[in-house]
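K.L.:
Residue-level listing of the chains:
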Amino acid sequence: MSENAPLLQVRDLRTHFGTGPDAVRAVNGVDLSVDRGEVLGIVGESGCGKTVLALSILRLVDAPGRIVSGQVLFEGQDVLAMRPRALTALRGRDIAMIFQQPKASLDPVMRIGQQIAEPLRLRGGRTRAEAWREAVELLGAVGIPNPEEKARAYPHEISGGQAQRVMIATALALKPRLLIADEPTTALDVTVQAQILELLRERCRALGTALILVTHDIGVIAQMADRVAVMYAGRVVENAPVARILGDPAHPYTRGLMRSAPVMGAVQARLQEIPGGIPDLTRPLRGCAFAPRCDGRRQAGPARCDGQTPPPFIPAPGREARCWLQDGAPAAQPAPAGWS
Amino acid sequence: MSRYVLRRLLMALPVVIGILLVTFMIQAVIPTDAVSAMYEGQTTEEEAAEAIAAMRERYGLDQPWYIQFTRYAGNVLHGDFGESIRLRRPVSEEIGYRFINTLQLTGAALLIGILVGVPMGILSAAKKDTWLDLGAMTVGLLGISMPAFFFGLLLILVFAVWLQWIPVVPRGGAALLLPALTLGLIEAAPLSRIARSAMIELLRRDHIRAARSRGMGEMSVILRHALPGTLLAVMTVIGLQFGNLLGGAFIIEVIFGWRGIGELGVKAIQWRDFALTQAIILISAGAHIGANLVVDVLYAWIDPRVDYDT
Amino acid sequence: MPTRRSFMALSALAAPSLAALPRRAGAAPLKELRYRLTEDPESLHSGQSVSLTVNTCLNFLHDRLIYIDNEGKPQPWLAESWSFSEDNRQITFTLRPGTKFHDGTELDAAAVKFHFDSILDPKMASPVRGQISALESCEVLDPLRFRLTFSRPFAAAMILLSSATYGVNSPTAVQKAGRQYGRRPVGTGPYMFKSWSAGTELVLVRNPHYRQLRPDAVNKGAPYADQITLSVLPEEGVAFSALQTGELSAAELQTDTVERLRQDKRFAVVIDEKAKNILFLEFSFRPPFDERAMRDAISHAIDREAILRASYSGYGAIDLSPLSRGIPGYDQAVADQYGTPYDPAKAKALLDEAGWKPGPEGLRVKDGKEAKFAVRSYANPVTDRALAVIQSNLADLGVGISISTADWGTFYPSLLREGWDMDLNRWTYSDPLVLTNLFRPPGHRRTLPEDAELTRILTAVDSTLDPAERQKVVSEAQKAILERRLMVPILTNHQVTITQAGLQNYRFDYLNQVLHGDVRMSDW
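Going line by line, the protein sequences match chains B, Y and D.
Sequential numbering of the first sequence, starting at 465, is according to this note's numbering.
Sequential numbering of the second sequence, starting at -19, is according to this note's numbering.
Sequential numbering of the third sequence, starting at 20, is according to this note's numbering.
Hints were generated in silico from the structure; no laboratory data involved.
Think of the CB as a built atom: it goes at the ideal place given N, C-alpha and C, for glycine as much as any other residue.
Warning: the hint list may mix true and false statements.
Said to hold, decoys possible - Covered stretches of chain D, as calculated for chain Y (at least 3 residues, CB under 8 angstroms):
| # | segment |
| --- | --- |
| 1 | 242 to 252 |
| 2 | 255 to 268 |
What the hints assert, rightly or not - If you want a taste of the chain Y side facing chain D, the calculated C-beta under 10 angstroms gives, among others:
| # | residue |
| --- | --- |
| 3 | L(-10) |
| 4 | M(-9) |
| 5 | A34 |
| 6 | G40 |
| 7 | L103 |
| 8 | K107 |
| 9 | F131 |
| 10 | Q144 |
| 11 | R285 |
| 12 | V286 |
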């Protein structure tokens, strides 16, 4: 596998909840890629499917959800096709994940140090004593003061911010090549958020770990991401470097998002919102999912936007957007199938 | 913690006194008494008038109920639980060995119940919605709905009469086998269902998902991270069941002739033997309270999040 | 230091473990007989209990002063002779010499006195005292003679003295054991006490020095069996199973269960037809039961055969006399002449004549009052079934009854109060004195009207000692009770015992007791 090939490639991933015609199509055909060491931000409003997408990559979706089709290629191997043993081996060692509620993600009746040491012992081959020492070190590395003492504490005795640090320490214990962070700061105080994000960035850089950062907060994206994928109604509607997304969004939805974000220093009577709500995901979508709320729809004409699902167009190299408005823009060609 | 325990014990005292008083009054109100009960169908009260009077006097049955109760309460404080009218000997002698018998039966039954029920429940949860799960839960439902009476006799029929593995009237230690098995299997049913629900609920938790994301195998996850919580839930039920059973699994005891508290309780009520009934109720209440207390203490000890002193 | 986790793992396993499985029997085959007790005897202190189960157990351990032969006459046993005083208030007994208790001490007059004193002692509060209330004292005349003094001539004395609870205890043993004596009895009988696993089983062993003095016994020496085990098995189902696997040599079973083993060649059925119980219906003598016609009609309306079939699967005999067949003095002629056989037509005619006209809903009405009455009984499957038949019989007659049952201790005292019209009762007693106890006005529940003639006859039953005279008086008593329609006798049920086919000499004497020294297995 060449150095330039992406670390992770997601192809036409579909995850549904329930069966039959009324199934909720939470992830409705997603294509993505992540390069080594890259920080990919996945942004979208609640219910767009970004969390389910994140869980799907590691096959952590619980019943009644199930991955219906698609591929998740990690270093060339399809995670979705792996046998249970290979999958268990992959998790933690190659790909790790941290979650939104850090305290809830810790075993409440186990000491923190033990929880960090556990993967080291069970999978990293360390002895009890070695694992404990390393766990204490890791705690120190994520910025927990008095790590020897804190290692003996229980989850309910530490704060949310500290818990997330612990989670980061645990997730990175085996030095995975990809870390998926699902809304890691959403449940934390604003003041702590910045610290945690900084920690994430620093640790991932130090280990060379790629990071998929799922969030609904544009500010987080702006701070952390190299590249951004915007999700809407189970699909990625735009995928571009962060500068482009922030400065020159191609998709009407992205534009709406950027407009509605409060800007420091600006004086606004009210926040700009995107009218309407996300579509009913139990119905198969015809046409562009965003069409009912799109202000650019008039231009492309209702027939196109309502009747046909726009394929990803490439408005510029390294960018793609699923929008009929792109058709006719210079250099905007529909992306060939499988392009990423 | 010790302050907490002390508080609980002190709170238990009025409860126990209240139970005793209520039982006493019920017995006072019922239009019958132990002495009449002794002469069933053979002797008229006239014939026995003298004897009956002597017995009534000896046991203070002709006094008004509040005097009887005060006398009784006073004696209890000195450790004297009175004499059984029917058995003509001190209550404590009879209760002593019977309580131990019930303890044996309860202990053995719970052991069987736990060893059979909890793994079954855990396995069902791990293999949820498979045939194993369905089968186990059906068997569990059967266990809950099955009357103990019927099940006991069924086991006797199968093991003693058909298979002849053990005698119908076992002597010595073997006598514990069938009653403990009957009671144990019956107990296993609710235990397995609770273990299963607790496990299923726990497996939904975030920290389980986090553990899986770290690449822990399913069995590992279940045993290291879900089991403690499950055992906590099961333990609460076990504690309550223990309290119940110590009061006497009387149906089982009666069928198998297991001389425990429950069987004595049934007889004591039939005989209207006041002193025996009171003592058994006392023990029953004490067992409940004690079991509850032990479970609460264990809970606090095991789950670090629980702290009673604050 | 144990972690929380290891504690939980350990505690899940820490509990009393199951004991070892049964061991095989010892080397030399023990000649053992195993019987069933339907309940745990509360104590084996002879003279301190009236429980039938206790009596059954005492029967193994004690010989008595006299026994009753098949004609109902007292015969010498441990006493070799006796005589009555002029006024019939005293009986002087002479003991056979040389009878020893199980502990080797002598049975002498002092021992007998000791026994009667403990019955009479108010501090002991013995229920037996009530049975023999006429007894005043017992005196020793010489080492082998003693005298019982009664407050009045007491005809039932001899029958009572032959029951197991008058088996004499060894005074030495009683004094040594004190309150614990009831757990370690010492008597003179064919078997000796060995051990008692409280409430589970009672083990007795052969008395090697035993001499059987009764001429009606087969075995005059030590009993055949080495050991007797009495297992407490209250559950019919369990006893039944134990019989099938051979773990019981014999068991008394309820009649429903009996049917299933009747045809089985492995078992034999022993029916005790000398049973001394009686199931009967009584009247409260409150209106309209103070009317002769109503009592008459109901007496003819009861289908005794149906009740016998329903309650006891036919194992028993219907009674037309207030005295059961098994009690000495039963008079068949009186029953035939004065009894009220089942005759529903006659019953209806009697009520018609008395002015009870058929009314709405099938109930008869007279003077605006409906024929709807309250019947009480004690709670028991037998009475339940009997009451169902009675209810149906009376419904045919146009009389409705409401039934309420409760346990004996509640039912029996409640009959002293108002609120009932009839009750279904059952009494077990071995002597005709039962008629006096129950029916001498005002009667055992104070319901009977004054009746000088009846009182005279029933008092005579109590006090006539001469057997021939007594027989006459007892016949008169049966006639008097029947004539007055005081009650409706229904049936006597016969105890049914199923034994292993190889069990020999298991039979009942006149007082429904087994001569245990005689019983053996055919292959011994």
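K.L.:
Could you work out which earlier hints the structure fails to respect and list their numbers in ascending sequence?
P.N.:
3, 4, 6, 7, 8, 9, 11, 12
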